[in-house]
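J.: Chains as they are written, first to last, in this note's numbering: chain R, 939 to 1220; chain E, 207 to 477.
No lab work stands behind these hints: they were computed from the structure. The beta-carbon is built from N, C-alpha and C at its ideal position, and this holds for glycine as well. Among the hints, erroneous ones may be present.
[What the hints assert, rightly or not] Examples of chain R residues toward chain E, derived with CB under 10 angstroms:
#1 A954
#2 I963
#3 L968
#4 I1045
#5 L1061
#6 I1062
#7 A1087
#8 L1152
#9 P1156
#10 Q1180
As a plain string of letters, each chain reads:
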Amino acid sequence: MRRGRFTGYWLMLPAALWLGVFFVIPFYSLLATSLYDPEGSVLTGYDVTWHVANFADALREHADELWRSLWYAGVATVICAVLGYVLAYAIAFKAGRWRNVMLVLVIAPFFTSFLVRTLSWKLILADDGFVVDFLQTLHLMGEDDRLLATPVAVIAGLVYNFLPFMVLPLYASLEKIDVRLIEAAGDLYASPARGFWKVTLPLSMPGLVAGTLLTFIPSAGDYINAQLLGSTNQRMVGNVIQDLFTNTGDYATAGALSVTLMVIIVAMVVLYIRKAGTEELL
Amino acid sequence: MNVLHRVGRWIGEHLVLAAGVLVLVYMFVPIAVVMLMSFNDNSKSRNVYAFRDFTWHNWANVCQPDGMCEAVLRSVVIGLSATLVATILGTLAAFALVRHRFLGRSSMNTIIFLPMASPEIVMGSSLLALFVSAGFGGRLGMVTIFIAHVMFCLSFVIVTVKARLAGLDGNLEEAAMDLYASESTTFWRVTFPLVFPGIAAAALLSFSLSFDDFIITNLNAGQTVTFPMYVWGVAQRGIPMQVNVIGTIMFLVALAIVVGNMLATRRKQPA
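Make the full structure from the sequences, and use the hints.
T.: The structure is reproduced here in structure tokens:
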């Protein structure tokens, strides 16, 4: 086929410009913001004074929220991985002709607003809601214990909101597995459990790695669940950044926190991918 | 022994399926609650978290809460315009990435992946930092929301269309050319119709991402209120039950589109 030498560039240009100006350059703006003179304000304007102490201030004041974000996101990701694996495995190997229906059901929650669904959780976990009533009847919860405004509620919300991001890549990976490999393990006298650990799980690693990242990253930055289902004791770093930007107008600290979160996440992702990569080779 | 083994196996197999179904139920409980609450009559009670009486009132008077329908309309306008622009730019880019060789192609692939792997709060605050430093801090509104939405939808469009384009059978296009179809005829009669399902899926995805976005929008909206921002605002005071009506309508419309699409493709390709 004849093709102009520059056609590729012309086709790519508009999208590349948009992402360049509104995605790449903003990172520099954010970095500049994190080095603002903290004395500045929306009214008097800001100066970049290479005020590196912003980072020290941000970390000193908001280390709790930062640590809590990573902790909650980590727990939510592990729970998502377990639940997501069960569901993806059931769809890939056990669902038969219900496979497509189940897949549609997995993405269906996306069709309703994230916020409306999270508010719905607030209602389910409410103090006079059926979940609390049920647990109190079983004496698993005391009369005055509550679910709302606890880490349990926030983590349950995170798990719920990001579970489809775990299920879909896992399913994509599991579905590609040649079933004959699993059968071969059985033929060679491997127990089903051993076959799973030695064959199915390693082959589904790419999906598990992708799913983990797609769950962990948005969970760590989320503040909707912490705000709607938690109390001030469950504030995550996202709540702080949002608050500093939109209410307090403390751009310097907000910028420094945002950069810190990004750096931590990138570092964890790189480490994790390396580790997962070597495990695959073993 | 053998029978016992079989029974164990049967339970084992169905246990996984049952557990999977339970996980699905967990994912659906909140939606069921939203649907149920859309029929809740809580006019006699302050407690918005309990189902009192059945009523059609919320459905008949959807626009009663102050500013809600305006917010929905604003979200639809933003969603449609961001989807249109992101789908066009993203489709062009997908063609460039799959069909052409050019300098910087692999770094482009990385840049496209990054917005999907960055926390929204970081992207949102970066964009806000850009707008503020460019002197747009006081003029945040529809335009800045639109810019932000096109930005985060683009990656999803490119990835979706790319996947469709990469799975395309090149022989069909060659056959058209062999039969003396010109390059443009081949494109419009063969390539485009084959890629179209991917483009349509990308457009649907980008509309729902845009319509539902809160974190990035909230940082870059100024005084403009979209539907998710409206919900966020009323969540602090007490939610009008009509919010659940909008949630239910969204769910049913999207489900109808997906199921309709599945049935249509099934009819076209009897398999």
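J.: It remains to establish, for every hint, whether it holds in the given structure.
T.: Each hint, compared with the structure:
no.	hint	in the structure
1	A954	holds, 6 angstroms
2	I963	holds, 6 angstroms
3	L968	holds, 4 angstroms
4	I1045	holds, 8 angstroms
5	L1061	holds, 5 angstroms
6	I1062	holds, 6 angstroms
7	A1087	violated, 14 angstroms
8	L1152	holds, 8 angstroms
9	P1156	holds, 6 angstroms
10	Q1180	holds, 7 angstroms
Hint 7 from the earlier list is the only one contradicted by this structure; the remaining hints agree with it.
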